[in-house]
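Okay, here's what each chain looks like letter by letter:
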Amino acid sequence: MDGIRRSVREGWWTFALLAPALIVLAYFFLYPLVILGLTSLRVGDHYGFTHYANLLLKPQYRQSLFDTVWLSVLVTVVTLVLSTILAILLVRRDFPCRTLLQSLITFPISFPGVVVGFMIIILFGKTGVIPNLGVALTGRPILQIAYELSGLFLAYLYFSIPKTTMTMVGSVEKLNPSLEEAARSLGASQATTFRRIVLPALSPALASAGALAFATSMSAFGTAFTLSQNFSVLPVLMYTEYTLSFHIEAASAIAIALGVITVAMTYAYRVLSERG
Amino acid sequence: MRKNTWLDVVFISVGVLVAAFLIVPVVISILGSFSAYWTTSLFSQGFTLKWYQYVWENYGHTIRFSVMIAVFAVVADVLIGVPLGYALTRSNSRWMKLLEEITALPVAVPGTAVALALVQTHAFMRGSWLFLAIGHVVVTLPLVVRPVAAAMRTAQLRALEEAAASLGASRITRLLRVVFPNIRGAILAGALMALTMSMGEFNLTFFLYTPLTMTMPVGLYESYASLRIEIGSAYTTIFLAITLPLMLLVQYLGGESTLRARGGGV
Numbered sequence: 001m002d003g004i005r006r007s008v009r010e011g012w013w014t015f016a017l018l019a020p021a022l023i024v025l026a027y028f029f030l031y032p033l034v035i036l037g038l039t040s041l042r043v044g045d046h047y048g049f050t051h052y053a054n055l056l057l058k059p060q061y062r063q064s065l066f067d068t069v070w071l072s073v074l075v076t077v078v079t080l081v082l083s084t085i086l087a088i089l090l091v092r093r094d095f096p097c098r099t100l101l102q103s104l105i106t107f108p109i110s111f112p113g114v115v116v117g118f119m120i121i122i123l124f125g126k127t128g129v130i131p132n133l134g135v136a137l138t139g140r141p142i143l144q145i146a147y148e149l150s151g152l153f154l155a156y157l158y159f160s161i162p163k164t165t166m167t168m169v170g171s172v173e174k175l176n177p178s179l180e181e182a183a184r185s186l187g188a189s190q191a192t193t194f195r196r197i198v199l200p201a202l203s204p205a206l207a208s209a210g211a212l213a214f215a216t217s218m219s220a221f222g223t224a225f226t227l228s229q230n231f232s233v234l235p236v237l238m239y240t241e242y243t244l245s246f247h248i249e250a251a252s253a254i255a256i257a258l259g260v261i262t263v264a265m266t267y268a269y270r271v272l273s274e275r276g
Numbered sequence: 001m002r003k004n005t006w007l008d009v010v011f012i013s014v015g016v017l018v019a020a021f022l023i024v025p026v027v028i029s030i031l032g033s034f035s036a037y038w039t040t041s042l043f044s045q046g047f048t049l050k051w052y053q054y055v056w057e058n059y060g061h062t063i064r065f066s067v068m069i070a071v072f073a074v075v076a077d078v079l080i081g082v083p084l085g086y087a088l089t090r091s092n093s094r095w096m097k098l099l100e101e102i103t104a105l106p107v108a109v110p111g112t113a114v115a116l117a118l119v120q121t122h123a124f125m126r127g128s129w130l131f132l133a134i135g136h137v138v139v140t141l142p143l144v145v146r147p148v149a150a151a152m153r154t155a156q157l158r159a160l161e162e163a164a165a166s167l168g169a170s171r172i173t174r175l176l177r178v179v180f181p182n183i184r185g186a187i188l189a190g191a192l193m194a195l196t197m198s199m200g201e202f203n204l205t206f207f208l209y210t211p212l213t214m215t216m217p218v219g220l221y222e223s224y225a226s227l228r229i230e231i232g233s234a235y236t237t238i239f240l241a242i243t244l245p246l247m248l249l250v251q252y253l254g255g256e257s258t259l260r261a262r263g264g265g266v
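Those protein sequence lines, which keep their order, are chains A and B. Position one of the first sequence corresponds to residue 1 (the working numbering), numbered consecutively onward. Position one of the second sequence corresponds to residue 1 (the working numbering), numbered consecutively onward.
Same shape as in the complex, but just chain A (with noise of 0.2 Å):
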């Protein structure tokens, strides 16, 4: 009877504990993300998928939408090259300023995406870094590419490269160096022993690391707002499609198509970098 009476006790303990936070939630974040779901499906007095087959069919939302994917493919897959490069670097090779170097190359890791895009205005701007660069040397300026896509692509690898980078540093130090020596003395080349032993030891950290790179450019939106003037990418045309063009059903299609994304990319990065 003691016992019964305990865990009753220790139930409404754990209850009084999960309530605020869950009210909290539950009005903030879940019931507006139903009222949003709904409000995606709707088309006139009914319900139904229109908005969602607008985004294949209708030709603005349409390049939007193969703009957003084919950027956020691109950038992940540079990103991961260049990450695991950089990893390989850090953990392997010996050379003066190491320490220095990664502290550079994660220091921007929690820069808002606004920042992001003005440093590619620094940068590649009217008055950038690499035009004036030009100006000086040719007497033209070169590279004024912050508001072209282009420039969104090297602002999507700002933002990607310090968090993938320290992902792969993490797997790469797990790395056993005497299965590649092993591998070397039985006379494989360099070039077959990092396809064949380091490539699939770091397989798992990629595909998280990918993942999760791909989740960020797809659902990016400060950057892009700050530099976007000649296209729109997914996140930016909800904001247009919500505040100029009033059509909060599109918008909600569009903020539930980016979640979904999102969320399963999140979530595989978290099974995948726990199994890894």
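Any given hint could turn out to be false.
To be verified - To be clear about the criterion: a stretch of chain A counts as covered by chain B if any three or more of its residues have a C-beta under 8 Å from a C-beta of chain B, and this derived list gives those stretches:
#, segment
1, 105-115
2, 129-137
3, 193-207
Stated by the list, open to error - Residues of chain B placed beyond 10 Å of chain A at every Cβ, according to the derived structure:
#, residue
4, F34
5, Q53
6, W56
7, F72
8, L88
9, L160
10, V178
11, P211
By construction, these hints were calculated from the structure, which means they are not laboratory data. Where a beta carbon is used, it is the ideal one built from N, C-alpha and C, also for glycine.
Chain A is fixed; fit chain B onto it per the hints.
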């Protein structure tokens, strides 16, 4: 020792290039904030502090407001998040696992989606600073809950607490003498992460702010979009001077992997 020295050269060049790409704009932005007139060269017209004065006069309120919102969010996160993180580890049931997944969701859902959901659900709160503050609480809450729950698990506090209880310690004694000392570090790390994230939050804030409730990142965006690059630089320098110590402290406390795992971030 190595034959492929050319490979080392490639690796080191990539390292230096990427580091330059990341750091040069930060340095130029800090230097440019002191430039009287920024054209093809930075200091052809000399140095000035007038841009800082401009930012302080026109955007000083955003700094004060950002600090206020961030402090509110952190206090609320700790008050409701620490009990949550504690309770989540008191049982291994499937429901508790599911609950933990749900409470981790706000870091994964893009801030823009959360904001669009909030404005259409609680439209009556629009314009209130409290609405913005609650939005910040929602998106930063998991940053406090996760480290607390993790610390509970690593210290095996459930077993320790049961041991203390069997020795006759009351609930209050157990909380103060057994639980709290073990999760103190996690609470501090989580609170700092929440503070850092709140100060830099733009995606959600941009949907919810009004001219009277403008935060630093929103002010930064406005200055980038419509003001001189020198002003943007001075403002950015002030922002970094405030937030970088926080970020470094978070990295020092080892919380940076949680910040990194945000899918709906930038």
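Go through the numbered hints given earlier and state which of them the structure violates, listing their numbers in rising order.
3 and 8
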